[in-house]
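Colleague: The chain contents come next:
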Amino acid sequence: MSDDLENRLKDHYASKNLSSDKIQKLMDIQEAKTVSFPSLNLKALSASLVTTCLILVAVNFFSTPVIQKIAQQVRYNHLKNMPAEVLSKDYNVINAALDRLDFTAMADSQIPTSIALAGGRYCSIEGKIAAQLHYMDKNNKRYTLYQFKLNDELNGAIKSKTSIVLDSTEVVIWKADGLGFALATSR
Amino acid sequence: MIKEDELNKLFKYALSLCRQEEQAWDLVHDAVLNSRKYILINKEAYLKRMVRNAFYDELKRRARNIDFNEELATNQLNIEEEMQNKNEINFLLSKLSSEEREILFLHYVEGYSYKEISKLSGMKVGTIMSKLSRSKDKMREAK
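Residue numbers (my numbering), protein chains in the order written: chain A, 109 to 295; chain B, 12 to 154.
Treat the hints with care, since some could be wrong.
As the list claims (entries may be wrong) - Taking lysine-lysine and the DSS-like style, the derived pairs with C-alpha atoms no more than 25 Å apart in a straight line are:
1. A/Lys118 x B/Lys71
2. A/Lys188 x A/Lys249
3. A/Lys124 x B/Lys149
4. B/Lys14 x A/Lys177
5. B/Lys71 x A/Lys188
To be verified - Only some residues are given here: those of chain B computed to face chain A with a beta carbon under 10 Å:
6. Lys23
7. Ala35
8. Leu44
9. Asn101
10. Ser109
11. Glu111
12. Leu131
13. Met134
14. Val136
15. Lys147
16. Met150
Just so you know, the hints here were simulated from the structure itself, not pulled from any lab data.
Backbone N, C-alpha and C define an ideal beta-carbon position, used for all residues, glycine too.
Kindly produce the complete structure, drawing on both the sequences and the hints.
Modeller: Okay, structure coming up:
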């Protein structure tokens, strides 16, 4: 490659940096991590097998609860506001369109009656396929409802209806009929 | 803790794959978020692999038309538009495949050896060398 082209390639990428806001967001994510996950380096590894085991036990003990991870993922995708793949107020239509789901998305009595289904798309929670359903209230305020099949880990993690507030987003998590539900809305 | 310059390097790597800043940001964000689950000995390599895997998974999904939607369609960069912008290097990069851009970036910007690129991408060294050569030819022809 000519030096000119190589230099221009370097210049091109040199000009591409994350904004300070985005850097801060990533730092915040890591800050949250460093509270509960002590980082491990090679020195710690080589120190002794006992030390390593203790660190692993500590990591397991202090790891972020699954329910918190669900809330973070739902909040992130609520704010991302990706367009629906199917627009409908009818769960039958949505289930027909999202036919790769390994469960049937459904209305639940704990979904507020003041909001109405508007559409849905595929998404995922903890690496498993999920339905991301879009709801609106009469003032056109957006709500994002996740529905996902409960495995043993998720079933054990969701004990009762829980509300988690992350910045200005509230995520309410509950389970019913073998499914997990997570409803996010901006405050 | 991953430092600012390392985060920017990861962003540039993601950008070399997808060329779209918003998508590159999503890839980096998700990689950092997911990295919380693990104790990392070699963070740089792990995060790059996370970004790479997520990008190619998305490409495969799009190829199967499962998750194709309006947003993805509008995200397609318009080459003609780029030419009008006279951003030649961006235009030249648009002529390359994501793998070719990735190799160019890793080799010329990050200074990776062929062997290091092979370790990250899983491609054979010979394949990397021929892709690099083909990339340079394509860029010369496009100029």
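Colleague: So, for every hint listed, does it hold in this structure?
Modeller: Consistency of the hints with the structure:
A C-alpha spacing of about 29 Å is found between A/Lys118 and B/Lys71, which places the hinted pair above 25 Å, so the restraint is violated. With a C-alpha separation of about 15 Å, the suggested pairing of A/Lys188 with A/Lys249 holds against the 25 Å cut-off. At roughly 23 Å between alpha-carbon atoms, A/Lys124 and B/Lys149 fall within 25 Å of each other, so this suggested pair holds. Restraint check: the Cα-Cα separation between B/Lys14 and A/Lys177 comes to about 23 Å, which is no more than 25 Å; the hinted pair holds.
Only pairs whose Cα atoms come within 25 Å are accepted, and B/Lys71 paired with A/Lys188 is accepted, the gap being roughly 22 Å. With 10 Å as the threshold, the beta carbon of B/Lys23 comes within range of chain A, its nearest partner Cβ sitting at about 5 Å, so the hint holds. Taken as an interface hint, B/Ala35 checks out: its beta carbon lies about 8 Å from the nearest beta carbon of chain A, inside 10 Å. For the restraint placing B/Leu44 at the interface with chain A, the shortest Cβ-Cβ distance is roughly 6 Å, inside the 10 Å limit, so the hint holds.
A distance limit of 10 Å between C-beta atoms decides the matter here; for B/Asn101 the minimum to chain A is near 7 Å, and the interface restraint holds. Annotation: B/Ser109 was flagged as interfacial toward chain A, and the flag is violated, the nearest CB pair being 15 Å apart, outside 10 Å. Given hint, B/Glu111 at the interface with chain A, is violated; its Cβ is 12 Å from that chain's nearest Cβ, farther than 10 Å. Hint status for B/Leu131: violated, given a least beta-carbon distance of 17 Å to chain A, over 10 Å.
Using the Cβ-Cβ criterion of 10 Å, the hint placing B/Met134 at the interface with chain A is not satisfied: the shortest such distance is roughly 19 Å. Interface restraint check for B/Val136: the shortest CB-CB distance to chain A comes to about 18 Å, outside 10 Å, so the restraint is violated. Because the closest C-beta pair between B/Lys147 and chain A is about 5 Å apart, less than 10 Å, the hint holds. Taking 10 Å as the C-beta contact cut-off toward chain A, the hint placing B/Met150 at the interface holds, the least distance being around 7 Å.
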